[in-house]
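Protein sequence lines, in the order shown, are assigned to chains C and E.
So the first sequence is numbered by the working numbering: it starts at 1 and just counts up by one.
So the second sequence is numbered by the working numbering: it starts at 1 and just counts up by one.
For the record, the hints were derived by calculation from the structure and aren't laboratory data.
Careful, some of the hints might be misleading.
Below, simulated DSS-like cross-link-like pairs (lysine-lysine); rule was C-alpha separation at most 25 Å, straight line [what the hints assert, rightly or not]: (1) E:394 with C:103; (2) E:127 with E:137; (3) E:395 with C:103; (4) C:83 with E:395; (5) C:103 with C:83; (6) E:394 with C:229; (7) C:23 with C:83; (8) E:394 with E:416.
Residues from chain C that face chain E, not an exhaustive set, calculated with beta carbons under 7 Å [as the list claims (entries may be wrong)]: (9) 96; (10) 98; (11) 100; (12) 101; (13) 130; (14) 131; (15) 227.
On a predicted model such as this, the values are computed, not experimentally measured, just so you know.
Backbone N, C-alpha and C define an ideal beta-carbon position, used for all residues, glycine too.
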Amino acid sequence: MIWAHEGTLGSFLSVVFRIFETKDSDPVIFSQEDLGLLEPEQQAPENPEWARRVLEGVRRRSGDEARSWVIAGFLSEAPGREKILLDFIRHCVRVGSGALAHKTQPQVLALEALAQSTRREAHGYMGLLRFRELKDGTLYAPFRPQRHVTPLLAWHFTDRLGLIPWMIHDLGRGCALLGAQGRWEFYPEVSTEQELEFSPEEAEFQALWQGFFRAAGVPGRENPELQKKKIPQKYWEFLIERP
Amino acid sequence: MTLQEKLEILGAGARYDVSCASSGVQRGNSGRFSGGLGNSAASGICHSWASDGRCVSLLKVLFTNQCLYDCAYCPNRRSRDIPRTAFTVQELVDLTLGFYRRNMIEGLFLSSGVFGSPDHTMETFLKILQILREREKFFGYIHVKAIPGASEDLIRRVGAYADRMSVNIELPSAESLARLAPDKTPQGIFRPMRVIAVETQGAQEVSRHLAALRGEVAAEPAPEYGVTGAKSRALAAAKAPGKFFVPGGQSTQMIIGASPETDLQILGLSSRLYQGYGLKRVYFSAFIPIGEDPSLPAAGPVPLWREHRLYQADWLMRFYQFAPEELLDDQSPNLDPRLDPKVVWALRHPEFFPVDLQRRPEPDLLRVPGIGPTSVRRLVQGRRHGTLTEEVVKKCGVVWRRARFFVALRGQGPEKSLPMAFLREELSDPGFRPPVNPGPRQQEFQFDLGS
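Bound conformation, chain E alone:
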């Protein structure tokens, strides 16, 4: 098999791992005058966009698509009859450096099928990363997967060379994991997550966070899939001073639509992961049927809109100070396909509105549909220097078409007696077709090249 063929197979094999961020780490090329190659920009850099509209910023490949495991949802599962191949260590190093020099990538995203054993796979990762960092003096971005079931020692050693490490939680409950990926155990997934969290935040911090979620001191905490009652906030990772270990933090991914959990369960779990393990991101990947497995839903439309709503809810939790149980409850545990979750909340809480933009505190402004964190910042600056008018508010980036139903300016609020049906129509996304689906938002800094 030629290198070209290998790359196409192993690149295709890795594309379902949707994390592609190259952000979060600001690093100069400390070997700039002695043969070092590469740096890392905190905002991340998108180098291209694939046919599905998603950003391409890293060389995202499997080292091999051989795998011991037979997870029902995975295109690379052991029982599937597909061409199997593997890179040599040198091939992968050369590809990484060659693409990097040509400015096609910010770095490497290294995953793999499990070969030999989880530890054997991680040892190969370790070798590759050591060569890149030490022999080739490569300072670009490296995101490496932690293989479920790998030993703590190897996780620590590999993490010393990577910018980000992630282990995929795959399914939103222990039952679904047992049914669809029996080769993986919750322990095998949560242990690496805990190790990475401890190394990046310190053991005491992590124990405290995990204990707060369950009300008891944790030794080797049992994995918790349940829904939390606490408000979610993305934790700032406080690193042990002086030690290099995964400065970009960790993330995870779960598959949406392959198993019966509700959005409430998914968001609750997500919230616990952010709080308990200090994750940077939880990614959602819409399930794409690849074969006939009786334990999976039959081939049907890919639930892209559901993935999109979950990302919107995730954003609300991380940047708008919403808690999952504010967005959903047992009576309606799933997100509305026609209205985004912020609008749903607003329509359910008429007592909160209208929000007087001149006077109300920042968290209240954030709850208005059409107003985001950037607009809030500008509004707060603007209102210090004078009275806000509709014109100024629009200049601050507020989407007036939506916000006008929920705000009061200069003492003047919106028309009180607008019928709900009219509001829902005005505020819904066009038709049933989800808006141009951005998939996982890659960066917090949205640079739109249009114009």
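This is chain C alone, in the form it adopts within the complex:
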């Protein structure tokens, strides 16, 4: 049966839940966006309880890491990930603990690669996001990630920034994380048309950072190829410093 999900993790997992519930023997999942005007053969509304149960099921069968792979794998937004994820989830259900050790199984290797690619980009942004201080004291960080890494950044910045209000804005997808008072919330749609007012110290801090950054490189050891290899150009757009 051909199923379609709405693009969100919750909707995808709801489809997976229904596939297991209906014992569909030959399921294929597409995103509705890929199907375009075509109607899927089977539907599943997004149901947070179903999604939670699928993740919990994976966790109970194969551990926290397996559950984490499913989330990170989906957020990679790689084309064809639905099949890899579904195969992996069935593999976990069948094999139980030790599912991840089957490195020779294509679904395990493939999902591991997807999950790692998402995590790598998320970890990269933990370092490369730059916040700007707005007039009201909010810290604002715009970026344009390739994969949907925003949810993976939530906990780290909530913990790091504590009481200071902050916002991480995915300009490509138009979504954002807002944090304050040690908590966070995800907003799937945020307008990108905004006139931002920065705090009076902001310009000075940016200049200070650029100066420090330039002074940090040791003359006689210039290595622009290595620098470029470490920070690929796609990350440069929102950096304060110029590599």
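Assemble the complex: chain C is given as a structure, and chain E must be docked to it using the hints.
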């Protein structure tokens, strides 16, 4: 002088201290709901990469570039005519917090020229750290230098606020230290190292380790620069329970190429430091001539490739269970510029190969060129579930182009009669140019953003 100018001078002054790790400490923001700022990630976080390709993860500055000392190799030496300046305590605190909020840094790396006295300098450090931790509730990463010659009491008090503390050994022998940095003494360097080791591991542990290196019980151990015979293993620091003291451990740095010691001496010393003091890292910094001092080598090419080989050897000692005397000996006491030390060892020990990947124990797998600890882990998992093939081995991350000369799969080994010249050519780094030199590897977890 503006703050901008100060920062550029004092940032430039600190850049030769190559340690920049922000790793090793996992800490949440315990003041998250009451105004605390900052946390610490065990893997460390790189925030940027400077023009030399090195990671920028901390605000690495000198408090002042004034200095009482006149060490021959140092750009900030007393006798040099350069603009001198200093931060105020408040300026440095504001810079740290301002950059941290904007996610430019994981924390502060605080060093300084020696002003007043070593203890006076450390007291200023203490003040800054107290303000950051107690008044500002800053929980980010702090790496603070221990000034050679500082008192034990101050080392202990400053260490209670820092994640990592380091004192630079600078030169690989007492003779070189006396010649190039006569203001510093071996006692002044090793005493802080011992204090930090004792505070992080307990006095008995440290005494035991140091004694094992010399075969006698140590009271106030004299510093030992000699080569060790024992196998090196990075010690896990066992902290006194409940006490916060430099949870990220200590490291040190020595300058390569300013003095005549061989790589064997350098690695031997390194190995003793890991064993005796439980250091997390020994850093090597290629000497960059900054002026004409007759006691130093005349201006020449910066020995980046030598630094690179030393790091490779250091990695072999810490993660691949090699001992320094397996890599070098009195006949060839220096590392080969064209071949990495693991390959050199492999070519010198043909009797060890081919290694049957299906059967040989893990330490043996680690000795194969092209196979590292991650690949070994995957190979061992993989071989439990079936027979290893070339395809599976490649999927485990093995660099087949190198390993193929040294392994046997399914009973089939490599061609026996390959001429040495051919092997050396195949296994050497491209030309004489060292590979894209990563400098000090900042983290054990290599996150490559390419792709």
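Here is what the structure says about each hint:
no.	hint	result
1	E:394 with C:103	12 Å, holds
2	E:127 with E:137	14 Å, holds
3	E:395 with C:103	9 Å, holds
4	C:83 with E:395	21 Å, holds
5	C:103 with C:83	18 Å, holds
6	E:394 with C:229	24 Å, holds
7	C:23 with C:83	16 Å, holds
8	E:394 with E:416	22 Å, holds
9	96	15 Å, violated
10	98	10 Å, violated
11	100	9 Å, violated
12	101	5 Å, holds
13	130	6 Å, holds
14	131	5 Å, holds
15	227	5 Å, holds
Taken one by one, the earlier hints fail for this structure at numbers 9, 10, 11, listed in ascending order.
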